[in-house]
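Each residue of the sequence shown is one higher than the one before, counting from 1 in full-length UniProt numbering.
Check the hints yourself; a few may be wrong.
What the hints assert, rightly or not - Using C-beta positions, here's what the derived DEER-type ranges look like:
#, residue 1, residue 2, range
1, ASP31, LYS55, 15 to 23 Å
2, SER46, SER11, 26 to 34 Å
3, PRO48, SER11, 26 to 34 Å
4, GLN13, PRO48, 24 to 32 Å
5, LEU36, SER3, 15 to 23 Å
6, ALA33, ALA56, 13 to 21 Å
7, SER46, CYS12, 28 to 36 Å
These are computed hints drawn from the structure, not numbers from a lab.
Fair warning: this is a prediction, and the values are worked out from it, not measured in the lab.
Cβ coordinates follow ideal geometry from the N, Cα and C atoms, glycine included.
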Amino acid sequence: MTSTYSVSGMSCQHCVRAVTEEISQITGVTDVAVDLDTGTVTVTSSEPISDSDVKAAVEEAGYELN
1 MTSTYSVSGM SCQHCVRAVT EEISQITGVT DVAVDLDTGT VTVTSSEPIS
51 DSDVKAAVEE AGYELN
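Generate the whole structure from the sequences, applying the supplied hints.
So, in structure tokens, the structure goes:
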């Protein structure tokens, strides 16, 4: 399963690592791909994950899910 999200506030590779690390901790997530230029985050998972879990992970990293 693949879901795409828009995240605001990311400006560097540190931001990418922080968001990737937090989202990767969600149960079932198998891959996280962040496009810094567009703010797009693509999450691949082996099971359905809730948008609220992704939102919480992004906020924990210090950014905002749009």
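Starting from the hint list further up, note which numbers the structure goes against and sort them upward. No numbers; nothing is violated.
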